[in-house]
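Counting in our numbering, the sequence shown runs from 1 upward without gaps.
Below are the EDC-like pairs computed for lysine to aspartate or glutamate, each with C-alpha atoms no more than 16 Å apart in a straight line:
(1) Lys495 - Glu531
(2) Lys495 - Asp526
(3) Lys184 - Asp251
Okay, the calculated beta carbon distance ranges per label pair:
(4) Trp43 - Thr537: 46 to 56 Å
(5) Val65 - Leu632: 33 to 43 Å
(6) Pro491 - Glu531: 18 to 28 Å
(7) Leu165 - Cys103: 44 to 54 Å
(8) Cys103 - Asp382: 37 to 47 Å
(9) Ser33 - Lys504: 53 to 63 Å
(10) Leu386 - Leu254: 35 to 45 Å
(11) Glu132 - Arg62: 35 to 45 Å
(12) Leu411 - Leu165: 49 to 59 Å
(13) Leu386 - Leu165: 49 to 59 Å
(14) Glu518 - Thr344: 28 to 38 Å
(15) Trp43 - Leu254: 40 to 50 Å
What the hints contain is simulated information worked out from the structure, not anything from laboratory work.
The C-beta atom is built at its ideal place from N, Cα and C for all residues, glycine as well.
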Amino acid sequence: MEEHSANETLLFKKEGTAAIVDVSKKMPLFISSVKWSLRVFMWVIFITWAAFIFMFPSDFVRDLVQKWILATNGTLFGITGSVFMLFSAPILLLAFLAFAYLCISGDEHRRGKKSTTRYPGFRLKTFPLVVEGPFGVVSAAESIGIVIFITYVIWAICKETSNNLNLLASLDLPSEKWGAWMLKHTGRRLGLIGLFCLTFLFLPVARGSILLRLIDIPFEQATRYHVWLGHLTMFLFSLHGIFYVIGWAIDRHLIHKLLEWKNVGVANLAGAISLLAGLCMWITSLPGVRRLNFELFFYTHQLYVVFVVFLVLHVGDFIFSFAAGAIFLYMLDRFLRFFQSRKTVDVLSARCFPCGTLELVLSKPANLHYNALSWIFLQVRDLSWLQWHPFSVSSSPLDGKNHLAILIKVLGDWTAKLEGRIRMDDEKESEKEPLLQSSSRLTVSVEGPYGHESSHHLTYENLILIAGGIGISPFFAVLSDVLHRINEGTPCLPKNIVIIWAVKTSNELPLLQTVDMESICPNFSDSLNLEILAYVTRESEPSLEEGIKIIEPVSSSTFPAYKHRRGISVLVGTGNIIWSGTYVVASTIGFIVTVAMLDIFYINPYNVSYWWYKGLLFLACMVVSVLIFGGLVICLWHIWERKTGFNEVGDTLENGNSQQTEHKQLNKKSVQEQYPTTIRYGQRPDFRDVFESMSDRWGSVDIGVMVCGPPALQTSVAKECRTQNLKRRGNDAVFHFNSHSFDL
1 MEEHSANETL LFKKEGTAAI VDVSKKMPLF ISSVKWSLRV FMWVIFITWA
51 AFIFMFPSDF VRDLVQKWIL ATNGTLFGIT GSVFMLFSAP ILLLAFLAFA
101 YLCISGDEHR RGKKSTTRYP GFRLKTFPLV VEGPFGVVSA AESIGIVIFI
151 TYVIWAICKE TSNNLNLLAS LDLPSEKWGA WMLKHTGRRL GLIGLFCLTF
201 LFLPVARGSI LLRLIDIPFE QATRYHVWLG HLTMFLFSLH GIFYVIGWAI
251 DRHLIHKLLE WKNVGVANLA GAISLLAGLC MWITSLPGVR RLNFELFFYT
301 HQLYVVFVVF LVLHVGDFIF SFAAGAIFLY MLDRFLRFFQ SRKTVDVLSA
351 RCFPCGTLEL VLSKPANLHY NALSWIFLQV RDLSWLQWHP FSVSSSPLDG
401 KNHLAILIKV LGDWTAKLEG RIRMDDEKES EKEPLLQSSS RLTVSVEGPY
451 GHESSHHLTY ENLILIAGGI GISPFFAVLS DVLHRINEGT PCLPKNIVII
501 WAVKTSNELP LLQTVDMESI CPNFSDSLNL EILAYVTRES EPSLEEGIKI
551 IEPVSSSTFP AYKHRRGISV LVGTGNIIWS GTYVVASTIG FIVTVAMLDI
601 FYINPYNVSY WWYKGLLFLA CMVVSVLIFG GLVICLWHIW ERKTGFNEVG
651 DTLENGNSQQ TEHKQLNKKS VQEQYPTTIR YGQRPDFRDV FESMSDRWGS
701 VDIGVMVCGP PALQTSVAKE CRTQNLKRRG NDAVFHFNSH SFDL
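Given these sequences and hints, build the entire structure.
Here it is as structure tokens:
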């Protein structure tokens, strides 16, 4: 309760806090004005920048760019600085403004926006417009984005083709050379269009990016956009290379041109290497190849380093500046993630359940903030130094300030090895030999937590949580979070929750007991209407023990408490916005200073003119600024983390392993005794009946539908949400589709 006291004074007037409340009332007008101004300014910058890119093929914008370059060509940064200011600087400026906005918003942004209207309504972001097709389930907002990108590509290709035809008409070329000339110039235009798409390609995969935190898009959703943009970008770059190859073949200069490396102009050989690396990533990322051999996809995707380096060598510094801003933000995120993942994290306890599910409880510092519906990436170095696997967090941030839990389904070789390791540790622990017990200390590496910046599940008063198999894991966190908030009297919007859980066999049902509702909130039924519908698809009838089955772990290991517990680093994820923003600002300023020093003391005095060399130096400046300036902030951040972490050790040690033990205890009641649960055998959920029943019961309200499970489940739920919304009448509910499934 103490950690929420600061927020409560802003929301509830209690005795002894009148002075604090009165002070807070004087601030909203000024703060809201600043926030409104920042929002408007960011929208103006983004729309202007996007429109500038969209209209770049037009003669009007081209003339403006030429005038701008001529006007600024004599400055310190030259043409590179001119292009960077137009196409990359807006992205960095948006990151700066996002830093300021998130700092001003504080906990308000983290809590999320509640609906202030009395009547339900559709939202573009949660209305599933397309539910089947190559893009999967696509919301109305995402459909608008897809249409805009497709329109841009078609418009740009048509306009560039028209420009080429006009230019060809003004040249005195023999007719037999028209085809080759047209192919090569079309290829050049396609390469430029692909470069603009590359700008957007790197933004979604910057997992802890301030921009993603600003718009509250979790990484598992942003990854979809990276996949879509990756296909589009590589399609354009492939056409770019193919058109040039065909044109050179017609001119009978294919081998010579492919091996050409100009000092002034593009370096063709570098471009061929970059394209080859991109094609390897693209081919192995196709759904069939990725599902057949995920490790091949993962390892070949590290060729993005080769792709970017040789792209810079291919086009030089000023052309690379078209996409440099987004790539720089990705470099910042990747360097920060590298630092976080180097830290070793203690596993407080580990359990193996009969249904083939593992639970790991990880140590974390109290100042590491996350929300329910968060994800982490996990690496166990004892099993593999290269493999990272994403898992949703199954614990609420209110379960305990010093630990975080995840559930893992044993499905592949890596998870099977992890299960074997836990069982081996349990055997050693049971022998009660001190040497063996200390050697069994299980440690992991963690990236994250990632997820919604705000408490997304708290924006709905009515929730339908739909899970398939282990997809129930994040909804344990949601349920626990809601119960804690009800018990502690903190703001909590959800009043009605229906959980629909489809499992193959009934031995998975006792996992519900990992959330002890009665101990969290003894009288939760007074404030929360909870109903659980469980569907056992591969069993036609209950077993004889049904109704009294109690979960018992096959193997359970509690690792010893150490004086200095090693927790998850706070460097990444939805962590401290002050440090995150300072890191971005310091690195960007460092990049500008580094480029300026290079121009003043080397490039301008020595008249360095080689395109590929200047591009390499430009990329080196980006790397150096991240390593030195960003690294300095990371070091200070790490010192601050250790200092605040040590202050928390005393509290943790005083309680011993109380939190850990409490988290490990199991409720000895059966599922049906503890929860209002209906179990149905041999059938799958009928979402039409469920949705219509909830609409009749709750009336004209907004209902948040959250799904975590396989694509077929998401498609079925999204289709029913769309159907119910389209046939809605005045007194019916509006269903808002939200997916919480990660498919890399």
